[in-house]
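Whole structure, please, built from the sequences with the hints as guidance.
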Amino acid sequence: MSREDYEIVIGLEVHAELSTKTKIFCSCSNEFGAEPNTHVCPVCMGMPGALPVLNEKVVEYAVKAGLATNCEIERNSKNDRKNYFYPDTPKSYQISQFDKPLCKKGFIEIEDEEGKEKKIGITRIHIEDDAAKLNHNEFGGGSLVDLNRAGVPLIETVSEPDIRSSKEAENYLRKLKSIFEYIEVSDCKMQEGSFRADINLSVRKKGAQEFGTRTEMKNMSSFRSIVRAIEYEADRQIEIIEDGGKIAQETRRWDDVSGKTFSMRDKEDAQDYRYFPDPDLVAIRLSTEYIENIKNNLPELPESRKARYINEIGLSEKEANLLTASKHLSNMFEETSNICKNHKLAANWLLSDVSRILNEKEIEAEEIPFTSEQLAKMIMLIEKGTISSAIGKKVIEELFEDPKDPEEIIKEKGWIQISDEGAIKEVVQKILEANPQSVADYKAGKDRALGFLVGQAMKETKGKANPQMLNKMFIEELKK
Amino acid sequence: MEITQLTVHELKEKLSNKELTISEITKAYIDRINEKEKDIGAFVTVLEENSMKKAKDIENKVNSGEIKGDLAGIPIGVKDNICTKGVHTTCSSKMLENFVSPYDATVMEKVNNENMINLGKLNMDEFAMGGSTEYSAFHVTKNPWNINKVPGGSSGGAAAAVAAGMVPWALGSDTGGSIRQPAAFCGVVGMKPTYGLVSRYGLVAFASSLDQIGPITKDVEDCAMLLNVITGHDKKDSTSENREKIDYTLSLKNNIKGMKIGIPKEFFGEGISEEVKQKLEEAIEKYKELGAEVEEFSLDIANYSLATYYIIACAEASSNLGRFDGIRYGYRTPNFNNLKDIYINSRSEAFGSEVKRRIILGTYVLSSGYYDAYYKKAQQVRTLVQAKFDEAFSKYDVILTPTAPTTAFNIGEKSTNPLEMYLADICTVSVNIAGLPGISIPCGVDKQGMPIGMQLIGQKFSEETLLNVAYTFEQAVKFSENYKPEFKKA
Chain A
1 MSREDYEIVI GLEVHAELST KTKIFCSCSN EFGAEPNTHV CPVCMGMPGA
51 LPVLNEKVVE YAVKAGLATN CEIERNSKND RKNYFYPDTP KSYQISQFDK
101 PLCKKGFIEI EDEEGKEKKI GITRIHIEDD AAKLNHNEFG GGSLVDLNRA
151 GVPLIETVSE PDIRSSKEAE NYLRKLKSIF EYIEVSDCKM QEGSFRADIN
201 LSVRKKGAQE FGTRTEMKNM SSFRSIVRAI EYEADRQIEI IEDGGKIAQE
251 TRRWDDVSGK TFSMRDKEDA QDYRYFPDPD LVAIRLSTEY IENIKNNLPE
301 LPESRKARYI NEIGLSEKEA NLLTASKHLS NMFEETSNIC KNHKLAANWL
351 LSDVSRILNE KEIEAEEIPF TSEQLAKMIM LIEKGTISSA IGKKVIEELF
401 EDPKDPEEII KEKGWIQISD EGAIKEVVQK ILEANPQSVA DYKAGKDRAL
451 GFLVGQAMKE TKGKANPQML NKMFIEELKK
Chain B
1001 MEITQLTVHE LKEKLSNKEL TISEITKAYI DRINEKEKDI GAFVTVLEEN
1051 SMKKAKDIEN KVNSGEIKGD LAGIPIGVKD NICTKGVHTT CSSKMLENFV
1101 SPYDATVMEK VNNENMINLG KLNMDEFAMG GSTEYSAFHV TKNPWNINKV
1151 PGGSSGGAAA AVAAGMVPWA LGSDTGGSIR QPAAFCGVVG MKPTYGLVSR
1201 YGLVAFASSL DQIGPITKDV EDCAMLLNVI TGHDKKDSTS ENREKIDYTL
1251 SLKNNIKGMK IGIPKEFFGE GISEEVKQKL EEAIEKYKEL GAEVEEFSLD
1301 IANYSLATYY IIACAEASSN LGRFDGIRYG YRTPNFNNLK DIYINSRSEA
1351 FGSEVKRRII LGTYVLSSGY YDAYYKKAQQ VRTLVQAKFD EAFSKYDVIL
1401 TPTAPTTAFN IGEKSTNPLE MYLADICTVS VNIAGLPGIS IPCGVDKQGM
1451 PIGMQLIGQK FSEETLLNVA YTFEQAVKFS ENYKPEFKKA
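Chains as they are written, first to last, in the working numbering: chain A, 1 to 480; chain B, 1001 to 1490.
Keep in mind that the hints were calculated from the coordinates and are not lab data.
Do not rely on the hints blindly, as some may be mistaken.
What the hints assert, rightly or not - Only part of the chain B face toward chain A is listed, based on derived beta-carbon distances under 8 Å:
| hint | residue |
| --- | --- |
| 1 | L1096 |
| 2 | N1098 |
| 3 | A1105 |
| 4 | G1202 |
| 5 | A1205 |
| 6 | S1208 |
| 7 | H1233 |
| 8 | D1237 |
| 9 | R1243 |
| 10 | I1272 |
| 11 | S1273 |
| 12 | E1316 |
| 13 | G1322 |
| 14 | L1366 |
| 15 | Y1375 |
Since the structure is predicted, the reported quantities are computational estimates derived from the model, not experimental observations.
Beta carbons are placed, not taken as given, at the ideal position from N, Cα and C, and that holds for glycine.
Shown next, in the form of structure tokens:
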């Protein structure tokens, strides 16, 4: 049997750090990147006697996330302690939610392998505090604890095991990420760990009813690694089964360098977290008005933005899909077209050259280094005839390397289009003289020869000559 | 005049009419501590120099009019599980022997706002687990009435210090009787307020849903005064109630005519010593004389409230004490090769046997497979206990019981028998389970001259009623005028 005979079954648990001003249970700053152990207080350091107080914004953000993913909102929720010993957990328990998550039974729609719409169920979304960050191998091999991250608010979104391939997993994660970005509950910066996924994966023979034994890969924070890890792990499991072996239920670690997964701990070590309601916190009761109010004030979601692009701006469905897949890209599109007043050109540049470079560099749209204003200015320079489209492509490359005012770039590089009639005429004369055969061909009715001559002239001017003017002048000269 | 024999309301009066100065008062207490501490062992930390300096400072500021306030310059003692900024907070445990809190508990902020003077931190059973203060990792505190006997616990240091005149009053904490029982054993007044009336922020947690800070004082009026200081909503404690501030001294009316007092017969049954019963019956007669309507009734909760208490308290403790892991503060074992060693050895070496027993018990009852049978069941019984009390309070204004089944026992008598020690909590734990207020006041002594405590229980936030009922009795029997601790040695 081969891979084709098996079905991969994936469920994802996504941890997203919420972009609230303060932490979940104290008033410390929730900002990323501060000096270690500077955003701390007795509460998030787990000092004796300190008590947590739930940040109301965290509840609001989680409810937003639930509503945006079609979840039912639990009106009567609570916080539970998840007890375990680890140096990243200063209280020796995480405050999470066990049996009454804030949101449950939702779904989002993604594209499956064939590009068809598919619903992926969301089991639950709950709130919890993030752990501290352990910095290993510092000071002669020791580990240091940075408690800045302890108490950063998280929502954990648990999917149903509805995902059937690495592509679907990627599509699901991209969709979830864009939803969280749209509703502004998380900045979803994967490189900063504010959007990370645990992958539960099993395989089974096609048509089988029972799920296979699953393994878990934790804290994955790049799409590329996630896709690779899924492919590797599915192959590994299928191979074991094909060889007559059994899958061990365990946590496995993905190693990006070797491209393999390794066993971390098996079920034997399974921890008993001794969940129980946190007696330091009171029940979370939400009124219908509260939930309705959040619902009515949800920002525009990707679906409605897409519809607007198609119906009002006249983009194709494919263009609208691609642009709205990332909130950042979509925002950039709107800002750029607002400045340059040309939706079509803004969409084209973002979806062709900008997207191509993103792919080459393997970075996400939010990592685009230049501003919408700079992109818009570049487009306007083309429209004014200051530069050609060909130069435009070079400007984009340059914006990725050293973002600054496009006008400055073309001045520095000497890329300003030659539109001076005298200068153009000079070039045309030179090319005509150098290519008598082409002139003869043209006069004999071979129109193709004109293209060749224009091309030669562009080459001569390093792409700076105004192509319309060149064309016109060649025809005039050849008719003489 | 024996300064250290005066109540705080008397000290306050003598300060205001200039009979005494703040420095004189503080000096008298420091002298008394120096004289008695070797016999009693009430303190973990004495802040002698600090207190004298602070007394001078406050005195100057009061004289210059810079600060006002009735309680400015009044000394206080604080149980060593209440966080005090810059001062050791040990919970009488080797685990926190060298721990200096970086912040003040909310009650300490309130005490400091009144410009009171913290004389020191008071001994207790380790992490407030125990009823005799014998489980302190440092030393045993002795009962000022007879130094061969325990002061009760876990706030034994606080009760003994107040009884011995080493502090005029003190802050204790009560999870299952830890204020009321030592107050009874030491012949002083101790109150556990309604759960949520006093902020727990900065009280090192034993059992979060049961813990409450409260006053231990020489008399009921002082109790009302200290309650005035420490109550109030605190946004740092989600379980603290947002209620209007009350002046509890206004509730001391010395009149209980028509008050309905319920006597739950189950609290006077098996296990309660005859002498305790007899004194309580005399107290009941006194209440009748004072015009109360007294009625016996059945409150059938005593049997299971003790089990419920130990399941809930241990479960919460097992989680609350997890943070003492040797990583960030507190004791860290010198014997380790890896992380697991740090955890196991630090905790094995620094926790005492009673703390370990309760952590193990609590871990067990929360384990998967046992949770429903123990913890969940206990929470259901808890609801039932609350309902039984609610029913009783539809008929009675207060419920009267003994505070403890016996008077103070001998040092060493029960410390090796945990079950018998747990039974000493039988009269007090249900009050914590139901989140109610309870006060213990002395109502007599036994043949050996050891004080007997009477417990009054009220419905939630009925502290005013409780204080008045206690005060009226106190004014009628004048216990502290008739009996004084004698520091007996036999």
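Original post:
Which of the numbered hints above does this structure break?
Top reply: Numbers 2, 7, 9, 10, 11 - these are the hints that the structure violates, sorted from lowest upward.
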